[in-house]
Amino acid sequence: MDPSIALLTIFVLAVFTGYEVVSKVSSTLHTPLMSGANAIHGIILVGAVIVAGQADGAGELIVGLVAVVLATLNLVGGFVVTDRMLEMFRAKKAPQQVEAGGAE
Numbered sequence: 255m256d257p258s259i260a261l262l263t264i265f266v267l268a269v270f271t272g273y274e275v276v277s278k279v280s281s282t283l284h285t286p287l288m289s290g291a292n293a294i295h296g297i298i299l300v301g302a303v304i305v306a307g308q309a310d311g312a313g314e315l316i317v318g319l320v321a322v323v324l325a326t327l328n329l330v331g332g333f334v335v336t337d338r339m340l341e342m343f344r345a346k347k348a349p350q351q352v353e354a355g356g357a358e
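Residue 255 is where the sequence shown starts when you use our numbering, and the numbers rise one by one after that.
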């Protein structure tokens, strides 16, 4: 069996499995899952930096740098989404009332 076919099969199965798992999660669990996902994205970013640092040719360096950029965007986006989700659970501040009256 061709190794590329086996890798493609694993990738397709991982995509389907990931979609099914994430789509079945209730909204109350999304914030803890995003925190765990951010940790994984950080590990992916470290791996991308290591791969880019050990590149031998220009093509490998370009692919490594693209991986670093995409991993960084993924990590930052995860933190932005987590912050927005946590903002929904914070108590709203009461607006400060302006005292009625004129200049003295």
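It is worth saying that the hints were derived from the structure and are not from the lab. Idealized CB from N, CA, C, for every residue including glycine. Any given hint could turn out to be false.
Simulated DEER-style distance windows between Cβ atoms [unchecked claim]: (1) 312 / 280: 39 to 49 Å; (2) 338 / 255: 23 to 33 Å; (3) 274 / 344: 27 to 37 Å; (4) 286 / 313: 33 to 43 Å; (5) 311 / 276: 34 to 44 Å.
Tested hints:
1. Distance hint for residue 312 and residue 280: a CB-CB separation of about 47 Å, consistent with the stated range 39 to 49 Å.
2. In this structure, residue 338 and residue 255 break the distance hint of 23 to 33 Å, their C-beta atoms being roughly 45 Å apart.
3. Separation of residue 274 from residue 344 is about 32 Å and conforms to the stated range, judged on CB atoms against 27 to 37 Å.
4. Checked against the given bound of 33 to 43 Å, the beta carbons of residue 286 and residue 313, roughly 40 Å apart, stay inside it.
5. In this structure the supplied range 34 to 44 Å holds for residue 311 paired with residue 276, their Cβ-Cβ distance being about 36 Å.
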